[in-house]
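K.L.:
With the sequences and hints as input, model every part of the structure.
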Amino acid sequence: MAGYLLRRLAYGLLLMAGVVILNFFLIRLAPGDPAEVIAGDMGGATAEVLAAIRADYGLDQPLLVQLGRYLGAMMQGDLGESYFFNRPVAELIGARIGPTILLVLAAQVISITIGVAMGVMAARKPNGVLSGAVSVVATIGYAVPVFWMGIMLIILFASIIPIFPVEGMADIRLRNEGWLERMIDILHHLALPAFSLAVIFLAIYARLSRASMLDVLGADYVRTARAKGASERSVLFRHALRNAALPVITVAGLQFGGLLSGALLVETVFNWPGMGTLAFDAILRRDYTLLLGVLFCAAAMVVIANIVTDLAYRLADPRLRGET
Amino acid sequence: MSAADPAAPRRPARAESPLREAWVMFRRNRPAMAGLALLVLIILATLYGALLYGGDPYEIVWAPHEPPGATPEFPLGTDYLGRDIVAGLLTGGGPTLAVGAAAALLTMLIGVTIGALAGYFGGAIDNLLMRFTEFFQVLPALLFAMVLVTLFSPSLTMIAIAIGLVSWPQTARLTRAEFLKIRKLEYVTAARAIGARDGRIMWRVILPNALPPLIVSATLTIGVAILFEAGLSFLGLGDPNTMSWGLMIGANRAYILSAWWPVTFPGLAIFLTVFAVSLVGDGLNDAFNPKLRER
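Heads up: the protein sequence lines correspond to chains A and B, in order.
Mind the numbering: the first sequence is residues 24 to 347 in my numbering, read in order.
Mind the numbering: the second sequence is residues 94 to 388 in my numbering, read in order.
Wrong hints could be hidden among the right ones.
[Said to hold, decoys possible] Now the stretches of chain A that chain B is said to cover, found in silico as 3 or more residues with beta-carbon under 8 Å: (1) 93 to 106; (2) 161 to 174; (3) 296 to 308.
[Said to hold, decoys possible] Negatives, chain B to chain A, calculated, CB over 10 Å: (4) 146; (5) 155; (6) 198; (7) 221; (8) 236; (9) 243; (10) 381.
[Claimed, not checked] Over the 10 Å line for every Cβ pair with chain A, so calculated as not near, a few chain B residues: (11) 160; (12) 163; (13) 214; (14) 233; (15) 234; (16) 307; (17) 346; (18) 353; (19) 357; (20) 365.
What the hints contain is simulated information worked out from the structure, not anything from laboratory work.
The beta carbon of each residue, even a glycine, is placed where N, CA and C say it ideally should be.
P.N.:
In structure tokens form, the structure reads like this:
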């Protein structure tokens, strides 16, 4: 297991090095002088600033030397300096990564729990009403633009049933309250963004777990479990779901990048102070160092999510446990 | 042993082409046919609707935020500048659909080529290409597309290219899986035995047989590409001079609490289009795999 984990981590690092190299060439392929591209065309870059950037990035050196330096710096966590905010990119992202992780994880938990529950219930009666409802929800979830879902929820909850806050992550008036009040406040703010994001993905899990449960419910060991008199609940959740969960884990891992992309859109709709709003600010200000830093960190999150998924899969599937 | 009734001569069973068979199945599938009809209607509306309707989507024609139904001239009301929403909807669909189709085409082109090469040759080539594919799967698609559009240009072409570049990995994986399965079949060995070259076997022997799942995936890719384009335009990263559904939502989002209609109708248009595409995709899937229908 440890050997496997090490290999997986090494491969993850290799993928991240790939992202850094891609970033490096993106800046150089973009039209214009790389120093000006880095400074951004709205920053009013003076000759000194440009010279400083050239020296910082070693733009007067041969391309391979430049790449080596850039790679070395990035892999040590030095993501460069934001020319708009005048602060290290790593620091800016560090302040925003928490809210994004909170949003993504909340949406992941909501969509998997509700989605799998819907799928299991639907699989019990493949031609029943609930089964039909799952298909409908799944098709709608696939077709709704996630940002529009968020806007519709804002309209609903801001003017018709005002029970959830529709903007930001915390109420500033509560900043002197105890941690419990502040945490409840954050969860209260989290409800709508997490739900908008979850609706889109819950459809995938409902459909997948329904198909997967239907497969498993026809298996011999389920018939055996029923024959020995196991209760319906035990058959569904102890025997069938454990096996039907494997594809759900795989897809949860594959969907992580999509979930993160969706989160970026949802953040801008709800003004959630995460990496999505940061990336959007970076784009508006043409702050390319910051934008590429966000891309780097988002890719790192996907790599980590993939490793976690692999580990979860190994824990869930006893057949893989012995392998290294 | 001839037929009992000489008046009805025994006809040899006619071999139906698989595509024809699929079409017959498809036609019986009501949701799929409804989706197809809706899709055709939407395409016609975006192609000819603006001509028939005649309004200019960019022109300020009335007071801002006129609610739908209040003035018969502007059935869906006006936006925050006083522009006609119906005219916007009819004009804004074209770019969305065009980018969606172009991006899906590019996705299939890259995905099928890489997947086919990996699946057919296997070994080191497969390994290398799959590592390359994994690398692209690590980049969060929307963010990468945002970077490409920002660094280069926010034109419709660039958006289509960006969406194509971020969505091909799944197609590549699917194509590879199909090629791995089919290349071991007898007719491929037979083709090789009569001296067909690799290129011919890949494109003329294996690909046609791998087509059904690829057609389904291409259909679904169009839906995803439309959602992508809408997301980018919503963020204001699209071409600011071209009306599109996503742009309409993005431009009006600051006023949603005083006027719900300028954001609701373009969103419904996107939803209905992608919904129609996905009904057609599901229908194609059922038509190509009749075994799966009971699910």
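K.L.:
For every hint, state whether the structure bears it out.
P.N.:
Status of each hint after checking the structure:
no., hint, in the structure
1, 93 to 106, "violated (count 0)"
2, 161 to 174, "holds (count 10)"
3, 296 to 308, "holds (count 3)"
4, 146, "24 Å, holds"
5, 155, "22 Å, holds"
6, 198, "20 Å, holds"
7, 221, "13 Å, holds"
8, 236, "5 Å, violated"
9, 243, "5 Å, violated"
10, 381, "17 Å, holds"
11, 160, "14 Å, holds"
12, 163, "19 Å, holds"
13, 214, "22 Å, holds"
14, 233, "5 Å, violated"
15, 234, "5 Å, violated"
16, 307, "19 Å, holds"
17, 346, "6 Å, violated"
18, 353, "5 Å, violated"
19, 357, "7 Å, violated"
20, 365, "8 Å, violated"
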